[in-house]
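Build out the structure end to end from the sequences listed, making use of the hints.
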Amino acid sequence: MPFETPLALAALASVIPLILLYLLRPKPLQVVVPSLMFLMNIKEEKKRFYTSITKLIKDPLFLIQLLVLILLALAAAAPFIETQEPLSGEHTVIIIDASASMQTDNRFSDALSKAGDYVSKKNTIILAENVPVTVLADGGSSAADETLNTLKPKAVVADISAAVSAGMRTLSQEGGRIVVISDFSYWDGDDPVNAKNLAESYGLQVEYVLVGSSTDNVGIIQGEVSAVDGSYTYAGIVKNYNNGRQSVRLDVVNEDGSSQQVNLNVAARSTQQFKVTNLKPGISEVRIAAADSLMVDNVAYISVPPSASKQMLVVSDTGKLPSHTALSLMPNVRTNLLEGVPSDLSRYSVVVVATKQRALASNEIATLNSFIRSGGEVVFIASDALASDKAGTDMQELLPVRTGDVVSAERGVTLKVLQETRLSEDIQFKEVAVYEYLNATARRDTTTLVSTTAGTPMLVYGTLGDGTVVYLGLNDAMGEDAWNNFHNLPEYPVFWFKLAGWLGGTGSVTDYNLKTGSVSALAREQEIQTPSGLETTSRVLYDEAGVYTVVGKRIAVNLYSDRESDTTLTGQELIDRSKAKDSPGIVRASSYTAKNYLDTYMIIIVFLLVLLELLIIRKRGEL
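Numbering (the working numbering), first residue to last: 500 to 1122.
Derived from the structure by calculation, the hints contain no laboratory data.
Keeping only pairs whose Cα atoms sit at most 20 Å apart, straight-line, the calculated EDC-like set for lysine to aspartate or glutamate is:
(1) Lys620 x Asp644
(2) Lys1014 x Glu723
(3) Lys855 x Glu979
Shown next, in the form of structure tokens:
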């Protein structure tokens, strides 16, 4: 019989003290007997040991207690037996395509209506977005109906294959069926037909249900905001999916109420570019005046950050560093370089501590502590000055990590991204070679974005009071003192642009204008404003088109997907392929291997044995 945790069998050693306890119990008082009995002492001595064992075995309390210990040890080891159980069809996983194209006409409402026909005794509902989103797990029919009534389509490209894989994991033990309802016009990831064949090879019933029909559309499929001659310009692309030429009027509305028009004449099945210049700070909208079947791509949202200049401070004891150079290249940001922390940090939005040898004085640490707790943001770059032998208790309390000694790696160590965010997007951390680093450990309630392959944190952030602290384990010293090659990579200034923008510096305007499907991590769980309402989260998934307000920044999010806007596409070709005969060699499973654990039964037997022991003790008059 196999065990889930065989190491727990070591608890069987507890029977040894029990046996010794019974063997060493006080023996009856010996009384002097007549001298004739003395001749029998030798024989009685030989029998004494065997008599003790015999009495021990005959004592019911000993046997009960022995069985209790054995059963408890076996139960802790989680014994189980494997049986072949038939796959069940009672559990239904309903996958609904929530991509932008499902907003066309009545596609999504039709999908919800069809989904109601597949509700069964036990249901799991998954929205197929760019990542699968489970909105109901193992719910009954009433819960499924209530959930379906609350769902809305998003503005992303769906990864249907990933959603099917999530459904497979849900049904991996008991089996069941998967129902996918989609227009199947476009998708990310693997071909959904391959996902269907894989799921069916495991004995699952998979059905693809098609909704929607071909229709015309005109949409904004691309857009970019850039700084040109001291002002911001929006360059967009409009595509006409109709079979005839279209006159398209664009209304550009600024947040202050001012507006302008752009008129285009777009040929059939063609695109045309346009530009909007001198954009003002705040939110602007570019709208296609005429309504059509898909409205989510009729509006382009534009966010221009405030033009007020912000100041950042770099504290260094070695002069200019690559980090300072990268920050000084940022528009609308003035960067100061000082050898120490000034007593007044009120004019700075972000402070970068990059001292290499000199540990900060107690008054400097106190100033930083007050700055952070009142809402300031500080980046600490790893160095000898942050090693445990130089960074005292007060300094360690500011860091999102506990630092140790400097570790040298002659052959270098590599990095891995633990969480994909905008800070790691387009940054090739795997190409960074690290030869020296601090042996650090992330504190609780912090988030590690990048670490070494061995698990040492290299990019960590957390909160302190109302502020944010960031630890960058990549020392930015150059020359013979260099700890790594990060500052030599072309992505280095891009990383600092992203980090400064994320921390609240002006950063790049691209940080304020994102495509749907983007993800960003927050320093802590907090309330944000999405296009559909308020949400409390620590990880923002931008899956709606519109304006998000995150940590005081207003971020414009747009679909910008040529294929998703092409409402003339239908999924009939995929449906036909999914109904083709199975490839030869596929053997469908009809059962699954189930583990039937026996620990519950053993606990019940132990409980009954304890009751029996109490009855015996009471019968003896000892209770």
